[in-house]
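K.L.:
This is what each chain is made of:
2 protein chains.
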Amino acid sequence: MKRRAFIWLLGAAAAWPLSARAQMATSDSLLPSWNDGAAKQAIFDFVRATIDRASASYVLPEDRIAVFDQDGTLWVEHPMYTQVVYCLERVPAVAGKEPKLRNVEPFKTVLSGNREAMAKLSMRGLEKILAATLTGMSVEEFKTEAKKWLETAKHPRWNRSYTELAYQPMLEVLRYLRDNAYKTYIVTGGGQDFVRVYAGKVYGIPPEQVVGTAGGTKYGYGKDGKPFLTKEPKLILNDNNAGKPEGIHLMIGRRPYAAFGNSTGDRQMLEWTAAGAGERLKMLVLHDDAAREYAYGPAQGLPDTKIGVFTPALYEEAKKDGWTVISMKNDWKRIFAFE
Amino acid sequence: MKRRAFIWLLGAAAAWPLSARAQMATSDSLLPSWNDGAAKQAIFDFVRATIDRASASYVLPEDRIAVFDQDGTLWVEHPMYTQVVYCLERVPAVAGKEPKLRNVEPFKTVLSGNREAMAKLSMRGLEKILAATLTGMSVEEFKTEAKKWLETAKHPRWNRSYTELAYQPMLEVLRYLRDNAYKTYIVTGGGQDFVRVYAGKVYGIPPEQVVGTAGGTKYGYGKDGKPFLTKEPKLILNDNNAGKPEGIHLMIGRRPYAAFGNSTGDRQMLEWTAAGAGERLKMLVLHDDAAREYAYGPAQGLPDTKIGVFTPALYEEAKKDGWTVISMKNDWKRIFAFE
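Top to bottom, those sequences are chains B and A. For the first sequence, this note's numbering begins at 827 and goes up steadily by one. For the second sequence, this note's numbering begins at 827 and goes up steadily by one.
Check each hint, because a few of them may be wrong.
The list treats identical chains as interchangeable, and a pair is accepted whether it falls inside one copy or across any two copies.
[Claimed, not checked] Below, a list of computed lysine-lysine pairs in the DSSO-like style, where the Cα atoms sit at most 30 angstroms apart:
id, residue 1, residue 2
1, LYS980, LYS934
2, LYS1044, LYS926
3, LYS1060, LYS974
4, LYS1044, LYS1132
5, LYS1155, LYS1145
6, LYS1009, LYS969
7, LYS1049, LYS1145
8, LYS973, LYS1009
9, LYS1009, LYS1052
10, LYS1060, LYS954
11, LYS1159, LYS1146
Since the hints were derived computationally from the structure, they do not count as laboratory data.
So here's chain B without its partners, still in its complex pose (with noise of 0.2 angstroms):
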């Protein structure tokens, strides 16, 4: 995707071979995957400060925004975010089609299946299978096609779908924000028309409330005269670090009152969230749990995995301004539906 591309995939399909305060919360019900704590209560504070006409940080409901980057945050992103594996699978796809990639690297190299010599590839080398993968089809055959991967594809650790790895607790937030009237984005770094193809059924966010990396589409006409949307290697948002409250501003136009983040990538999202008046939720998901999902920082101690980093500094400012943050071990009772 020439030069501007997807850095934030890159990076990250670079790094694949690395591998409370308790307060009673008034309702088990509500977010009944929590366990009593700072967070939660944070969650409950907020709602009850912005419902309530009679609060001074009351928000009308037609005002209510607010936004979840996705891996990391919405659902597991470790060993390697979900649509980087899906461009790596889609490779064999890719070459069967275009049978002279095949002796081309870096698509020789990605159908070996050596996943040493994968994990050495040039950026260079994965932009080129970004851009064979996610772009040149029509957005519907692009829809179809990761649909269908994301009905057989499992996750090497849990042996299940990548869909059935959302975090219940974050389930339960989306949808008690969405009973007080919220209105529920996600804003991720990840491909938005890949996420679009799930998000409603996974986290129930519709397609035009799914703010990510976007590429460019190309509008033509096939020969039956009907009109076609191609997807293009052409950079229109990169939705991270600064271009998430860019992004937020281009999609939704206004500023949420509620942003949940993991990494480095949602600083500056975060910050925007904050800088608004009256109340505004402000929660980094620490991953601290190595035993029910992984650990991993470099804040607090914990490895630097390349992958969604949380790093020392965010965690200074997160505590400095007041942002909740979630630790995965103690806030979280259970991590998955199906436990």
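For this one, chain B is given, so just place chain A on it according to the hints.
P.N.:
Frame of chain B; chain A shown alone:
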């Protein structure tokens, strides 16, 4: 705004100096400003076909998307697009802040107030005016400025606020569709940020349901450490012609069931809508009422005014493909709420 700038606005500004079959509708109370006829009936038929669970064309409530062009479809676009008027009228304020502009073209000509000279401004000159008045400020500053202008600016013909010049029959359609669970979107060649300022008040449409020509923003921090977004002279989406279905895919992510336009810039949006399965409503407003509004085409022998062009070819495509042409003269009982 560099080379790829708002071509639509530019062409528009350059053109400034140029100047039923009767069927019984089932209910007069639903669309009271519409005369009985094929156009009104087409709207009723479409809604009935898509909301009736027994219908073969039934559409789930969560899939009901309707898109509307703005200029010339929802409100008056003659003698000049409101946003272009805004840009020209903002020049004194911009020159007040940057006095050196006062003796520099094209600002000097605009400040002179000489309309004949303004009409002769080059494309490059107009680009400079758009860049100076639409970019370089924070998104909040822009919103405040545009809002203030809209509160006092008057249309030269009716001496009323531009926001009063929304078409009453179309406001009724917006409401009627929303009452039937349709999510209504504006898909405009106009500036997304500009239209968002008043779309809530005028059309009942929230910012996130305004898709328009959009520039990039840049995230930064003020002296107080607070983040802000600056509007940049970088075009992200030229939401005209093929840019409309492309913009719909980017911002909405699914195909509309109903599309309303009035000019060749809406052609692809209607084609894209029409190409979906099941019942789809495709409508074009024809400005054939010089007495109550304006008359322009050049379809049907109406004058070619270069703004909101409705060509004979578009008229042919509409007739051939079963799109409905709305005659303002014959189909609309009244044009404005204030009548």
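K.L.:
Compare the structure with each hint and give your call.
P.N.:
A quick look at each hint next to the structure:
1. LYS980 to LYS934: within (23 angstroms within a copy, 66 angstroms between copies)
2. LYS1044 to LYS926: Result: close within a single copy only, 26 angstroms intra versus 42 angstroms inter.
3. LYS1060 to LYS974: Cα proximity of LYS1060 and LYS974: one copy only (25 angstroms, versus 37 angstroms across).
4. LYS1044 to LYS1132: between (34 angstroms within a copy, 26 angstroms between copies)
5. LYS1155 to LYS1145: within (18 angstroms within a copy, 64 angstroms between copies)
6. LYS1009 to LYS969: The answer is both: 24 angstroms in one copy and 22 angstroms across copies each meet 30 angstroms.
7. LYS1049 to LYS1145: For LYS1049 and LYS1145, the Cα distance is within 30 angstroms only across copies (22 angstroms; inside one copy 59 angstroms).
8. LYS973 to LYS1009: both (25 angstroms within a copy, 25 angstroms between copies)
9. LYS1009 to LYS1052: Intra 35 angstroms, inter 25 angstroms, cutoff 30 angstroms: inter-copy only.
10. LYS1060 to LYS954: This pair counts as both: shortest intra-copy Cα distance 13 angstroms, inter-copy 26 angstroms.
11. LYS1159 to LYS1146: Within one copy, since 27 angstroms is at most 30 angstroms while 61 angstroms is not.
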